[in-house]
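Undergrad: For reference, the chains in residue letters:
Protein chains: 2
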Amino acid sequence: MQLKKGESDRMMQKYPSVLLENAINELAKLPGIGKKTALRLALYTLKRTPEEITSLGEAIVNLRNHVNYCRVCHNICDEDICSICNDSSRDTALLCVVENIKDVMAIENTGQFHGLYHVLGGIISPMEGIGPNDLQIPDLIRRAQTGDVCEIILALSTTMEGDTTNFYIYRKLAGLNIKVSVIARGVSIGDEIEYADEITLGRSILNRTDFNDSFKQ
Amino acid sequence: MQLKKGESDRMMQKYPSVLLENAINELAKLPGIGKKTALRLALYTLKRTPEEITSLGEAIVNLRNHVNYCRVCHNICDEDICSICNDSSRDTALLCVVENIKDVMAIENTGQFHGLYHVLGGIISPMEGIGPNDLQIPDLIRRAQTGDVCEIILALSTTMEGDTTNFYIYRKLAGLNIKVSVIARGVSIGDEIEYADEITLGRSILNRTDFNDSFKQ
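Chains A and B supply the protein sequences, listed in that same order.
In terms of this note's numbering, the first sequence has 193 at position 193, counting the first letter as 1, and numbering is strictly consecutive.
Throughout, this note's numbering is defined as the position within the second sequence, counted from one, plus 1000.
FYI, nobody ran anything at the bench for these hints, they're computed from the structure.
Note that CB positions come from ideal geometry on N, CA and C, so glycine has one too.
Treat the hints with caution; some may be incorrect.
To be verified - Cross-link-like lysine-lysine pairs, in silico, DSSO-like; alpha carbons within 27 Å at most:
(1) K1035(B) with K36(A)
(2) K102(A) with K179(A)
(3) K35(A) with K1047(B)
Said to hold, decoys possible - Derived coverage of chain A by chain B (criterion: at least 3 residues anywhere in the stretch with Cβ under 8 Å from a Cβ of chain B; other residues may be distant):
(4) 19 to 31
(5) 53 to 60
(6) 73 to 84
(7) 112 to 118
(8) 164 to 173
Unchecked claim - A few chain B residues that face chain A, going by a derived Cβ cut-off under 7 Å, partial list only:
(9) I1053
(10) N1062
(11) C1077
(12) N1207
Whole structure, please, built from the sequences with the hints as guidance.
TA: This is the structure:
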C-alpha cells in the first residue's frame, strides 16, 4: 500500500479530545516539559480522583495569585515580613545578598548562616537587558545606608554576570564603612549556587574573604 | 564553627511560604517530577501572568472533571462517540485492539490503519492484580459477537503481559469465525508500542500475521 494524497497531513499529532489537547498544550509550556511528557502527565491525571487534581490545580493557581514577597528582604513569604527577617535571634548586622529564593533555601540548608538576606531577584545581565534598577539593588543600597549593617556577604553565582553584579554592588557601597565580602570560591567556577553541595556551600560561607582579597591569586 | 545541637534539623528542606510548599508537594506527586523540579516549576509560575497560570490550572481540572470515553471503543473523546468511530469512511469490519489511547495516537500517526479501535485500558497483569474483567475485554468479546467484525488485529506491547493478553483474547474469540492477527513483530521484543518509530509501526500493521503463524520461528 502506498501513502495516499494528504496522508502526510496525518503525521501532525492529532489528539482525540479538545480537553486533552488543551491540557497538553498548557503543560507543555512549563520549562523542561515537551509534548510527550505533557501527554504522560495529562493521562496520569485521569488515573487520580477529581479531588486530587482539583487540589493540584488550586495549589498552582493559589501560589500565583496570592504569592507575597517580604518587604524587607524580598524573599517569598506568606506575611508582610518573612520568618527570617522576623526572627529576633538572627544577626541583623550581617546581610547575605543572593540572586533568588532558591539560593536562600540552599544557604539556610547549610545551617551556617545566621544573618539576614537580600534577594536581588536576578543578576545584572546586559545580554538579557537586565540592569541594576530592574533588580532589588537600589533597595539593598538603601538598607546599607540605614547604618544597621556591618557586613554584606555577596553570595552570587560565580559566573561572569555574578562577578559583574558583585563589582557593581561593591562600588555602590564604597564609602559606607561596611565590610563587603564574597563567599569563598570553593564553589566551582561556572556553577550555580543552588546546585552546590551543602558542605561546600556551608564552608564557603565560613571562609568568606574580603572583597579586595578575593581577586588575589 | 561546629554544628550546634538541633542544627541537623535544618537539613530537612523548609520552604519560606506555605503556598509555595503546597504547590511543590502537589507538583511532586506527578510522575517523573521530584521536589527540585517541582520547585523549579513552582517558581516558573511566578514569572507568568495570573491569567496564564489560571488557564493552566483550569485545563488540568477541566480535563479530569469533564473527560469522556467513547462508549464504542473507549478512547478519550469529547462526545458520546469518538471521531474515529463516527468516521463513515473507516472499515468497521476491522478492529485494532490496543492498550491505551497513546497507542491509538501512535497508530493513527502512521496513517496505515483505516479500521476501528478497541482500547482495553491496560493489559492483563497478575503481578499488579489486573485481570480480564478489570479491562474492556468483555466489551471486546461483545463487539466481536455482533457479527460485524471480520478481523481483529492485536496491537499490544510485545512484553510478557502483552502476550498473555493476546492469548487470552485469542482463546475467547475461538469459534466466532473472526480472523485474529497480531501486528508484525517488527517492534523489538520488550519495547512499548508508543515508543516505536512510525515507519516500523506502520510496517507492522501492514505485515500483520495470522495469530497461529505468529508463533512459528
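Undergrad: Does each hint hold? Answer for all of them.
TA: Here is how each hint holds up against the structure:
Between the alpha carbons of K1035(B) and K36(A) the distance comes to roughly 21 Å, so the proposed pair stays at or under 27 Å and holds. Only pairs whose Cα atoms come within 27 Å are accepted, and K102(A) paired with K179(A) is accepted, the gap being roughly 25 Å. Proposed proximity of K35(A) and K1047(B) is supported: the alpha carbons are some 21 Å apart, at most 27 Å. Residues of the region 19 to 31 of chain A lying with their CB closer than 8 Å to a CB of chain B number 10, which satisfies the three-residue condition for coverage.
With 8 residues bearing a CB less than 8 Å from a CB of chain B, the region 53 to 60 of chain A meets the requirement of three and the coverage assertion stands. Requiring three or more residues with a Cβ within less than 8 Å of a Cβ of chain B, the coverage given for the region 73 to 84 of chain A holds, as 7 such residues are present. Counting residues of the region 112 to 118 of chain A whose beta-carbon sits less than 8 Å from any beta-carbon of chain B gives 1, not enough to reach three: the coverage restraint is violated. Chain B is given as covering the region 164 to 173 of chain A, and this is violated because 0 residues of the stretch bring a CB closer than 8 Å to a CB of that chain, at least three being needed.
With 7 Å as the threshold, the beta carbon of I1053(B) comes within range of chain A, its nearest partner Cβ sitting at about 4 Å, so the hint holds. The closest approach between the C-beta of N1062(B) and any C-beta of chain A is roughly 6 Å, which is under the 7 Å cut-off, so the hint is satisfied. Of the supplied interface hints, the one on C1077(B) holds, with its beta-carbon coming within about 5 Å of a beta-carbon of chain A, less than 7 Å. A cut of 7 Å between beta carbons decides the hint on N1207(B): the least distance to chain A is about 11 Å, and the hint is violated.
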